[in-house]
Amino acid sequence: MAISVKLDRVLLDRGMSLTELSERVGVTIANLSILKTSKAKAIRFSTLEAICKELNCQPGDILFFED
Amino acid sequence: MTQAKRKSVASTLTSLLSISRWVLWYVIVTLPLTALNAPFFPITFGGDFADPDAVWPTLFLSPFLEQNGTRPALYLETLIGMITAGLGLFVIHHFLRILRNVQSGSAFARENGVRLRRIGFAVAGVQLGIYGLWFAALLADSFLGIDFKGLLVALSPAPWIGVFGAFALSTIFLEGAEIKEEQDLTV
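Those protein sequences? They're chains A and B, same order as listed. Under the working numbering, read the first sequence as residues 1 to 67, first letter to last. Under the working numbering, read the second sequence as residues 1 to 187, first letter to last.
One or more of the hints may lead you astray.
[Claimed, not checked] BS3-like, lysine-lysine: derived pairs with alpha carbons at most 30 angstroms apart:
# : chain 1 : residue 1 : chain 2 : residue 2
1 : B       : K180      : A       : K6
2 : A       : K53       : A       : K6
3 : A       : K36       : B       : K7
4 : A       : K53       : B       : K7
Read the hints as simulated data drawn from the structure, not as lab findings. Computed from a predicted model, the values in this text were never measured in an experiment.
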């Protein structure tokens, strides 16, 4: 897939687990796993906003375009 | 329609289809016995064709066959009847699977679309097959002298409406499955 999600690195930088993020953002772990493994077909702006808010980062820090 | 109502409609349909399945099995078994005039089997197609006054318990073709009936036509019609009943069983099997999926909450699954498409192909195929048999009978009649007089083949648009309906629904279900998958994978 051209767009990949690199949540691992940001989570590692912030010292946060996926479970903790899921609790803070209000997205299920199952859905976060879909996102993390780049299986997701779309991401809502509200989800992206919540993740960026909790991880204190920019969308560009977790979303990458690979040719 | 609420989900509970939908499920009750599905379970009613399931019961009706299960009953139809038994009826079709009965038809498949009894048709050849009837056509061959099996001695142990009490139902016949109008009994002795030579004797129009003979009263026997009859199935649905007897009035026509009593007038024009000949054995080859009867056998061919029995074959067509069995093929149609077999098709009915195939269609019922697929509908039951679709209903099971609906009851388990996954109506818009790719599998349902594929099943509907199979139903469409099966009905179309059998209809074409029946027309083919009918044409073969005409040829046999004129070239080989086998008397198919009295052959009754239904030329009804109903199966074709069913075929188009099945294909249209199949497209809708496949599209729906795609939309649902996209929605499921939206985070």
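Is the hinted pair A/K53 and A/K6 satisfied, with a Cα-Cα distance of at most 30 angstroms?
holds (16 angstroms)
Would the hint linking A/K53 and B/K7 be met if the CA-CA limit is 30 angstroms?
Outside the cut-off at roughly 42 angstroms; violated.
Proposed proximity, A/K6 with B/K180 (alpha carbon, max 30 angstroms)
holds (25 angstroms)
Take the C-alpha atoms of A/K36 and B/K7, compute the straight-line distance between them, and say whether it is at most 30 angstroms.
violated (36 angstroms)
In summary, the structure is inconsistent with hints 3 and 4 from the numbered list given earlier, while agreeing with the others.
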